[in-house]
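Both chains are sitting in their own frames, so use the hints and assemble them into the complex.
Keeping their order, the protein sequence lines are chains E and W. Just so we're aligned, residue 1 is where the first sequence starts under my numbering, counting upward by one. Just so we're aligned, residue 1 is where the second sequence starts under my numbering, counting upward by one.
All clues stand as given, with none of them false.
One-sided and incomplete, this derived list gives chain W residues near chain E with beta-carbon spacing under 10 Å:
hint: 1; residue: Val408
hint: 2; residue: Lys416
hint: 3; residue: Pro417
hint: 4; residue: Met420
hint: 5; residue: Val421
hint: 6; residue: Lys424
It should be emphasised that the hints constitute simulated quantities derived from the structure, not laboratory data. All of these numbers come straight from a predicted model, not from anything done at the bench. Each residue gets a CB set at the ideal place from its N, CA and C atoms; glycine is no exception.
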Amino acid sequence: MPVTQISVFVENKPGRFAEIATRLEHVKVKILAFCIADAGDFGIIRLIVNKPELARKALEGFAESIMQVVVVPITEQVSVSKIANLLGSKKVNIDYAYTSAIPINGNLALILRVNDVERTEKILKENSIEVLTQKDFE
Amino acid sequence: MIRFVLIQEYSNNKNYKTDDSELKGRVPMESRALYYSEIERINRKELEELQLRKLRATLQILYEKNPYFGRKLRQAQVKPSDINKLEDIAKIPFTTKDDLRINYPIGLLNVGIEKVVRFHVSSGTTGDPTVVAYTESDVDKWSELNARCLNMMGVKRGDIIQIAYGYGLFTGGLGIHYGAERLGAAIVPSSAGNTKRQIKLMKDMHATVLACTPSYALYLAEAAIQEGLNPKEDLSLRVGVFGAEPWSESVRKRLINQLCPEPYDIYGLSELCGPGVAAECPLKNGLHVWADHFIPEVIDPKTGEVLGPGEEGELVFTTIDKEAMPLLRYRTRDVSCLDIEPCACGRTHPRISRIKGRDDDMLKIRGVNVFPSQIEYVLERMEELGDQYQIILTKSGPLDDLKVKVEVKSSAVSDKPWDMVELKKKVESEIYSVLNLHVEVDLVEPGSLPRSEGKAKRVVDLRRST
Ligand SMILES: [Zn+2]
Chain E
1 MPVTQISVFV
11 ENKPGRFAEI
21 ATRLEHVKVK
31 ILAFCIADAG
41 DFGIIRLIVN
51 KPELARKALE
61 GFAESIMQVV
71 VVPITEQVSV
81 SKIANLLGSK
91 KVNIDYAYTS
101 AIPINGNLAL
111 ILRVNDVERT
121 EKILKENSIE
131 VLTQKDFE
Chain W
1 MIRFVLIQEY
11 SNNKNYKTDD
21 SELKGRVPME
31 SRALYYSEIE
41 RINRKELEEL
51 QLRKLRATLQ
61 ILYEKNPYFG
71 RKLRQAQVKP
81 SDINKLEDIA
91 KIPFTTKDDL
101 RINYPIGLLN
111 VGIEKVVRFH
121 VSSGTTGDPT
131 VVAYTESDVD
141 KWSELNARCL
151 NMMGVKRGDI
161 IQIAYGYGLF
171 TGGLGIHYGA
181 ERLGAAIVPS
191 SAGNTKRQIK
201 LMKDMHATVL
211 ACTPSYALYL
221 AEAAIQEGLN
231 PKEDLSLRVG
241 VFGAEPWSES
251 VRKRLINQLC
261 PEPYDIYGLS
271 ELCGPGVAAE
281 CPLKNGLHVW
291 ADHFIPEVID
301 PKTGEVLGPG
311 EEGELVFTTI
321 DKEAMPLLRY
331 RTRDVSCLDI
341 EPCACGRTHP
351 RISRIKGRDD
361 DMLKIRGVNV
371 FPSQIEYVLE
381 RMEELGDQYQ
391 IILTKSGPLD
401 DLKVKVEVKS
411 SAVSDKPWDM
421 VELKKKVESE
431 IYSVLNLHVE
441 VDLVEPGSLP
451 RSEGKAKRVV
461 DLRRST
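So here's chain W without its partners, still in its complex pose (with noise of 0.2 Å):
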C-alpha cells in the first residue's frame, strides 16, 4: 500500500498510473515496474502520427532557422512538406560526427545563447571534443527520459542510488543524477573514481541502486571481494545502472553472481543528449528506445539504405523533441538491430538490440564479430597489464587469426616465469568470457609497443603482407 501512495505522488506530478495486470506471472515480482506514463504505452499508430508530427516540426525549424542545416537540406533538396509518412525520412541526409566537428563549438545551436541552460562536452576517442547544448526544456525531458529508464529497471521512491559515473562534462552522471530526482529516488553522487571510498559508501549507506559502467560494476565487485566483503552479501545492490559502453551477457553473468541480481543496460550519445536515448526493461529483450523523442531506424552502413528490422547495421538516431541541438539522422557508428514487436513488458516502444561496438573497427574471426573496444575493456580493467596494447590480425591457413600483444607492468613480474604465463593464460580467459573466441595473448615489455599521438594505432592487419 505505501508502495501505491508513493506511486500515487508520482502520477500526480506526471501523469503516471499503476497497470501491472499484464506483468504478472511474467517476470519476477521483484524487478517489476509497478507504473507507466501513459506515452511508454500509446499505441502504435498513435505513436507513429506523433512522430511524423514532430519529424515535421523539427524540420521545419531546421530549414527555415539553422543556416548549417538549411543548406544541407536544400543541397539534397528535401523540403519540409516532402515528409508525409515516416518512412519518407530516408529522403532527409544524415548527419556525422564531422558535421558537428566542422560546427564546433556552437555552430549548430538553434537557439539563442539565452535559452541556453546547460552545456556538455565529449572528449571524443580522436581528441576533437564535440559541444551539446541543452535549453531548460531539454534538461526537463532529458532528465523525463532518465526518470522513465530508471522506473522500467523497478527503481523508485525508497531507494538509495549511488551514481558512480563521472559528474561534469560527460553526460552520464548529470544525466542518470537528474533522472533519479524525478524520480524520487535518494541520490549518493559519488561521481567515479575513488574506489575503496566507493565500496564503503555503498555498504555504510545501504545503497540499493548503482550506476556506473559495466567495467567499473566489475572492478568495484573485484575490488570489494579483495577487501574481504562478500558483495552479495555485505551490500545491499539490487539494480545496476549500467551503460556507457558496450557489454555483453556474459558479463551480465559475472555481475549477477558477484554484485547484483538486477544489472540493466542503459544506452545514450552525448550528440543526442546523453544516457536516456534507451534502456532495458525487465524482460532483458533488447532496449526501448523512447520514440516520442527519437527516431531509430538501422542502416547499412556501406549504402546508407534502410535496413529492415531484424536486420544488423548502423545505428541512426533523429531527435524529434529537442531545442538547442535537434539532429537529423544522426549516424552512431554504434551496430545494432531493431524489433518493432510489441513487448510482453506493456511498452510499445521500439527495441534496439544490446550494441555491440563501433562497426568501423568490426573484425570477423572465425566467423565471430569481434570489436577492439571489447578487448580494450578487459585489458583496461586488469592492474598487472599497462595502456599499451595492439591487436594483430593473421592469416592461419585459410582463417583469420587474432593476436593481442599487451604490456606488463612491474607489479605483475614474478621471479617465476610459470606465474607470468599464469596472467597471461588468466586475460585469455578473461577475453574468451566476453568474446567467446580464444585469442592468443602475448605479454611484452614496458615501451616496446608504437605510441603515437592521439588515436592509437591499436589494430595491425597483417593478413596481406603473410
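Excised from the complex, chain E in its bound form (with noise of 0.2 Å):
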C-alpha cells in the first residue's frame, strides 16, 4: 500500500510554505516530510502527512493534486545506498527522492518517486525491506 503525495503550487514568493504549515497546523495534520522543487518565479511543495484527506480539505484554494509514492524506513541494515544500489540493479529509476522530516515509528524514512509504485514495492519486500503505508502514519 503506498503512501499519498501531495504537489502543492506556489509562487515563488515569501510566506507561501508558512501558509500552507500554518493551515495544517490549525487542523493538527502533521507534516512528516517536504520537499520544495522550485522552477523560477514558482515551484512545487511536495508534502507527506499522517491524514491528507484533512490536509487537502485545509489547503482549499490551493492548486494542489495527489499522486503515489513509496517510503521505506532507513535503518541500520537498510542504508540509502542498499535501497538505491537494489532498485538500480533491477532498472527501476528513481525520479526524484527524498527523507522525511522527523523519524516515522523511530526511524527517518525515504521518499521514492518511481514509474511503477507497485514493482517497486514488490521488489523492495522481496528483499526484505520494510514499505510504509498510509496507515503507519495514524
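The structure is reproduced here in C-alpha cells:
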C-alpha cells in the first residue's frame, strides 16, 4: 500500500510555505516529510502528512494534486545506498527522492518517486525491505 | 444536373440565377458559389443610388416618428433633405452603445409593439444588456442575408449543417438557423455546449457544415482528437461558418489542418441584427458587407472623421432596411478597413477586412497591434487554466513589453515543476500562434489575481511607474 504525496503549486514569494504549514497546523495535520522543488517564478511543495484528506481540505483554494510514492524506513541494515543499489540493479528509475523531516516509528524514511509504484514495492519486499503504508502514519 | 435543379428551386423562390462563368479557374471547384441573387452583382452606381434612396427613407421615418433620433437629428441640425449624396451621411450624428443603454429596453423601438415578432438581448461585456427588436419583415430580411452568406460559402441544399452557436437570447444560433432553413440545408440545431454530444452528432449525422465560434471549433477538434478520432477522416465537415469573435489567419490554418478544409469568417452585431451583416466569399480576401441593407463606413475613432478605403479605423454601420430598430451610423468599436474594389467572385458589395478586435482595448507592442481579446480566447480554451488573468504592460528599455499572468487550476498541478514549465511554454506558444509575438506568461496561484465586480480589470499599465 503506497503513500499519498500532495503536490501544491506555489508562487515563489515569501510566506507561501508558512501559509501551508499554518493551515495544516490549525487542523492538527502533521507534516512528516516535505520537499520544495522550484522552477523560477513558481515551485511545487511536496508533502507527506499523517492525514492527507484532511490536509487537502485545509489547503482548499490552492492548486494541488496527489499521487502515490514509495516510503522506506532507513535503518542500520537498510541504508540509502542499499535501497538505491537494489533498485538500480532492477532497472527502477528514481525520478527524485527525499527524506522525512522527523522519524516515523523511530526511523527516518526515504521517500521515492518512481514510475511503477507497485513493482518497486514488490522488489523491496522480496528483498526483505520494509515499505510503509499510509496506515503507519495514523 | 441535380445541383442545378436544386438551384432552380431556390431561384424560383428568390430570383436567384446560376452564373459561375467568371469564377471558373479562380477558386477551387468545391467551394465555388454556384449562384447569386441579382442584388449581389448589382452594378456599383445602381447600388449607390439604392443606398441613397433607402438612407433617405430611413432618415425621414426617424426624423418624423422617433422621438430620440428625431431630437438628435434636430440638435445636429440635419434634415432628411440635407442628404443629397451618399457622402452627406457624414452630417448625421453617430449612435453609440450608450444611446442603446439610455433607451433600455425598447425606447428606440420605431414601430408599434403589435408589429414586433421577436426580441434578442445581448448581455454585453459590461453587464448592461441591450435589447434588439424585429418585425416580421426584419426577420425575413435577416434570414435572407444569412442565406446569402451561407450560399456564398458554398453551402447548399443537401448539406447537413450543425449549428453549435447558442440558441436563445443570443442572435448567433437563430440567425444562422433561419438562413440555413431559407437556403434549404438540413439543420442539426445542437446549440452550444455538451462537447461530447456535439462530436457524436457531427460524426453520426455526417454533418458537412459546422457553424460555431472559431474558438469552440478549435476546442471541438482537440476534443475529437482526444477521443481517438481523426476529425479530418472520421468527420465529414467541408465548410465552417465561424464568427461572433475575431480570429486570425493562424487560427484558420489550424482549423484547416485539424477540422475542415473551408473555414469562413462571418460577421455580425446583435445591435444591427446578428450574424449575416458580412461574410467571406471563396476568395477569402475580406468580408462582403450586404450594402443594400447596411452602409459601412470606417472612421477615425478619435476625431470621428470618415477615412478612405484601405485606412484602418472604427467600423460604423447605418441600417437602411430595418423597421423595428433602425440605427444611424452605429459605432461598432470594431477595427477594420474598407475595400471598395470589385471582387473577383463577381459580387459588387464592398468588403471589410477581418476584424482584429475592439479599438478601445488595442495595445501596440513592439510594433504589433494586440487586442486583449485575442489573448483571452487562447486562455479560455485551455482547461488547465482558471478564468482569471491579467495583462501587464511594462517597459523594457525604450520598448513596451507585455506579460500575462494567469491562474492555474488543480488539474494542471504536477509533482514535477518541469511539467508546469511545459504548460507555461504551451500557453506562450499558443499566444504566439495568434499574435505572432512572444509574450511571457506567469502561472500564478488560484485566487491571487484581483477580482472586481462586472468587467474585470484585465489590463494593468505599469509603463509609467517603472
Ligand atoms: Zn468576393
